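So the sequences go chain by chain: E and U. Take the first sequence: its position 360, counted from the start at 1, is 441 in our numbering, and no numbers get skipped. Take the second sequence: its position 373, counted from the start at 1, is 454 in our numbering, and no numbers get skipped.
I should point out that these hints are in silico values taken from the structure, not numbers from a laboratory. Remember, predicted model here, so these are calculated numbers, not experimental data. Keep in mind that the hints are not guaranteed to be accurate.
Heads up, the list lumps identical chains together, so a pair's fine if it works in one copy or across two of them.
As the list claims (entries may be wrong) - Quick list of in silico lysine-lysine cross-link-like pairs, DSS-like style, CA-CA up to 27 Å:
hint	residue 1	residue 2
1	Lys135	Lys230
2	Lys215	Lys466
3	Lys229	Lys135
4	Lys279	Lys215
2 protein chains.
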Amino acid sequence: MSQLNVSMIVIGDEILNGRTTDLNGSFLSKYLFKKGLTFKSLRFIHDDIEEINKALTDSMNESDIVITSGGIGPTQDDKTKTVLANFFGKKIIERDDVADIVTKNYIRFGRTWQPGHNYYHFFPEDFTPVSNPKGLAPGIAYYEESHKKLIMAGPGVPREFSEMVDQEFFPLIKKYYSERLGEFHQTVIRTTGVSEEKIFFELCPTLWKDLERYGKVSSLPHTIGIDIVVSYTADSKEHQNKSDDIKKLIDSTPLGPHVWQYGNTPVNELVFAKARELKNTFSFAESCTGGLTSSKITDLSGSSEVFMGGVVSYANEAKENFLDVRSETLKKFGAVSIETAEEMARGAREKFKTDFAVSLTGIAGPSGGTAEKPEGTLVIGYAGKNFSGARKFLFPGDRIRRKERFSDMALLILLHLMEGKINQ
Amino acid sequence: MSQLNVSMIVIGDEILNGRTTDLNGSFLSKYLFKKGLTFKSLRFIHDDIEEINKALTDSMNESDIVITSGGIGPTQDDKTKTVLANFFGKKIIERDDVADIVTKNYIRFGRTWQPGHNYYHFFPEDFTPVSNPKGLAPGIAYYEESHKKLIMAGPGVPREFSEMVDQEFFPLIKKYYSERLGEFHQTVIRTTGVSEEKIFFELCPTLWKDLERYGKVSSLPHTIGIDIVVSYTADSKEHQNKSDDIKKLIDSTPLGPHVWQYGNTPVNELVFAKARELKNTFSFAESCTGGLTSSKITDLSGSSEVFMGGVVSYANEAKENFLDVRSETLKKFGAVSIETAEEMARGAREKFKTDFAVSLTGIAGPSGGTAEKPEGTLVIGYAGKNFSGARKFLFPGDRIRRKERFSDMALLILLHLMEGKINQ
Numbered sequence: 082m083s084q085l086n087v088s089m090i091v092i093g094d095e096i097l098n099g100r101t102t103d104l105n106g107s108f109l110s111k112y113l114f115k116k117g118l119t120f121k122s123l124r125f126i127h128d129d130i131e132e133i134n135k136a137l138t139d140s141m142n143e144s145d146i147v148i149t150s151g152g153i154g155p156t157q158d159d160k161t162k163t164v165l166a167n168f169f170g171k172k173i174i175e176r177d178d179v180a181d182i183v184t185k186n187y188i189r190f191g192r193t194w195q196p197g198h199n200y201y202h203f204f205p206e207d208f209t210p211v212s213n214p215k216g217l218a219p220g221i222a223y224y225e226e227s228h229k230k231l232i233m234a235g236p237g238v239p240r241e242f243s244e245m246v247d248q249e250f251f252p253l254i255k256k257y258y259s260e261r262l263g264e265f266h267q268t269v270i271r272t273t274g275v276s277e278e279k280i281f282f283e284l285c286p287t288l289w290k291d292l293e294r295y296g297k298v299s300s301l302p303h304t305i306g307i308d309i310v311v312s313y314t315a316d317s318k319e320h321q322n323k324s325d326d327i328k329k330l331i332d333s334t335p336l337g338p339h340v341w342q343y344g345n346t347p348v349n350e351l352v353f354a355k356a357r358e359l360k361n362t363f364s365f366a367e368s369c370t371g372g373l374t375s376s377k378i379t380d381l382s383g384s385s386e387v388f389m390g391g392v393v394s395y396a397n398e399a400k401e402n403f404l405d406v407r408s409e410t411l412k413k414f415g416a417v418s419i420e421t422a423e424e425m426a427r428g429a430r431e432k433f434k435t436d437f438a439v440s441l442t443g444i445a446g447p448s449g450g451t452a453e454k455p456e457g458t459l460v461i462g463y464a465g466k467n468f469s470g471a472r473k474f475l476f477p478g479d480r481i482r483r484k485e486r487f488s489d490m491a492l493l494i495l496l497h498l499m500e501g502k503i504n505q
Numbered sequence: 082m083s084q085l086n087v088s089m090i091v092i093g094d095e096i097l098n099g100r101t102t103d104l105n106g107s108f109l110s111k112y113l114f115k116k117g118l119t120f121k122s123l124r125f126i127h128d129d130i131e132e133i134n135k136a137l138t139d140s141m142n143e144s145d146i147v148i149t150s151g152g153i154g155p156t157q158d159d160k161t162k163t164v165l166a167n168f169f170g171k172k173i174i175e176r177d178d179v180a181d182i183v184t185k186n187y188i189r190f191g192r193t194w195q196p197g198h199n200y201y202h203f204f205p206e207d208f209t210p211v212s213n214p215k216g217l218a219p220g221i222a223y224y225e226e227s228h229k230k231l232i233m234a235g236p237g238v239p240r241e242f243s244e245m246v247d248q249e250f251f252p253l254i255k256k257y258y259s260e261r262l263g264e265f266h267q268t269v270i271r272t273t274g275v276s277e278e279k280i281f282f283e284l285c286p287t288l289w290k291d292l293e294r295y296g297k298v299s300s301l302p303h304t305i306g307i308d309i310v311v312s313y314t315a316d317s318k319e320h321q322n323k324s325d326d327i328k329k330l331i332d333s334t335p336l337g338p339h340v341w342q343y344g345n346t347p348v349n350e351l352v353f354a355k356a357r358e359l360k361n362t363f364s365f366a367e368s369c370t371g372g373l374t375s376s377k378i379t380d381l382s383g384s385s386e387v388f389m390g391g392v393v394s395y396a397n398e399a400k401e402n403f404l405d406v407r408s409e410t411l412k413k414f415g416a417v418s419i420e421t422a423e424e425m426a427r428g429a430r431e432k433f434k435t436d437f438a439v440s441l442t443g444i445a446g447p448s449g450g451t452a453e454k455p456e457g458t459l460v461i462g463y464a465g466k467n468f469s470g471a472r473k474f475l476f477p478g479d480r481i482r483r484k485e486r487f488s489d490m491a492l493l494i495l496l497h498l499m500e501g502k503i504n505q
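Using the sequences plus the hints, can you model the full thing?
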């Protein structure tokens, strides 16, 4: 099974002009990695015939598969279809099969397409039209038999592009390269509280080598810790076995207690799923994160089932008035302290009448740090039925990154609360 | 003055493997646009000698200036320096001037560099070492006299790269291409409440043409409206005149009342600056945005001066208990209503004892919409001394984008409150 290379060309002025940030390239890089394909190169070019031709030639030299995004819309700027037709010496003709696809795309949006509306149904001969599950313009595919190259053109709109890649392009890749495409799997080990150096030099000096027996190993720093990813091709039974073996291996090392997930689910989704499963409710009291933890939960549709609300108690007065934190506690221990965090969590739990509450108080920086409580200090308080407590952390990064890390850590603590891993 | 083209090559596996999202390419695209340079092409390639050579050749054919990021660190993976030296037929030699720069870079971080530590001071002859204001590895620059091409290599770490581009690379571009580089300026007109179609087809059909007399016009959709950008080269006096003329022009059209800023400052920064200037305090009551508005304000260091806190009143009970919204109001008008929003804002203002308070209640989707209150409905309530009110909006997008739009709109309402534009 030889490596299958993919090159991508992003066509259009918007990204090179700084008007929008690329989403399609970064989507494809993650997608291809998960599918076990090699992302060979990524080019951003202007909507210019000569540039598109050159990028196509170069990309086809490098890779088996070329994917473009952008320029398949209905206006005169949209040159991709014409350039591709010319590139492969094909005529553009009026095609009924394409008109059918376009008609269906329109119906999906409650609209009616008529041939006069645009030129979607003028399409290169021998090319394959591709359904656009989230948009109107059909995608384009062409398999060049003699060199075994597959060229596919998708839309520039990110939600249309990602859907088309997953629903339409990947099946085409499977069709033409099945013998070179294994079933690709990953076992993801997500840890917290230990640095890369600590894991691979101190705790488990042979771990990297041991894991390499199962596949390609990579170590990726994440907001609240290090993710270790083992990637391999295997059928699902073999994958299950490998995954089980890796878990056993990790559990036998000092890294075991630091693993918080075997898998790749964002922590806000884990919290939401667990709360739903157990019919638990929760609330937050946030100081240094200013509402970000609550916001992450409410990114998920349906979160009102389990999340009752939160208080952003930025000022000390708000901590007293909304959360019943005692002014003596604030005076004696300060706003960033185990004692204050615990009272904040208890106050939120009582006021919101939830099963659990988690609080955050800390110093996001870049100012406000002291020798005793340096920038990056975070105290997370928690409260459940008949118990409460708090834990102290120290996180690197700038203000924005720390807010990310702080809030993810609070969500992990909440997950552990619901799982009964923290019960005093 | 002929157009100055820049090509960029991002070297390294991390982005093509989906491990990190590109920041340097998107930084450079925005930066070059602001400086009036043309971003000709952007390539992502692997850390591979052959690929780097090919990308260099192609980029130099297309552009006057080539900027690379990545591969200038101390390890064996870091091939950029060697490849560049070979590319231009230069030897790598031990250089005292480079050692000086490296020594200074280390001192800046409170560390001491010694020649044994790494090979930073082995550097191509005739190349210019570039100071790294935020890191250790020096950047690389080479001006190829005969073809008037400037090649510059910066680090892959985004905060190091962006700083080096601004502090070091841009001055070099000025030095070698001064005659082709004008002073570049923009007048940015930020609007809200009107669509692109409405502006350019209905309200001001001649506006685009009228603005084109001053420079290049572009229209960029933003979270809460359309930004119209006019870009031109001019000295600062000329810029001032153009800018004044553009403002006068806009004010004479029906678009005038829809402009909320001539400039490019994010709305959270405008709010913070205005509150500081006027010594105003404020608070939020958030439902559908789940804390995002508060979080945006607390992204800014020092915001505790003006921001007292917020309540994320996701459940109706929280609206009653924390914000004194009357249960009759909720029953009669519903959670998403002018009446509830107004009571939420008044409750927040009283409870947090702030000069102003703004509330948000709405339907972010993808479910919960009705015929009367469709998905995307947002009601913003506001309260000041002796007055309160609420306004209704409808925003497109998915859940995440709507949260972005909702919260930015709430910040704009708060800005207008402090400016006295809303006073009843």
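Hint-by-hint comparison with the structure:
no.: 1; hint: Lys135 / Lys230; verdict: both (16 Å within a copy, 21 Å between copies)
no.: 2; hint: Lys215 / Lys466; verdict: neither (46 Å within a copy, 48 Å between copies)
no.: 3; hint: Lys229 / Lys135; verdict: both (19 Å within a copy, 23 Å between copies)
no.: 4; hint: Lys279 / Lys215; verdict: between (46 Å within a copy, 25 Å between copies)
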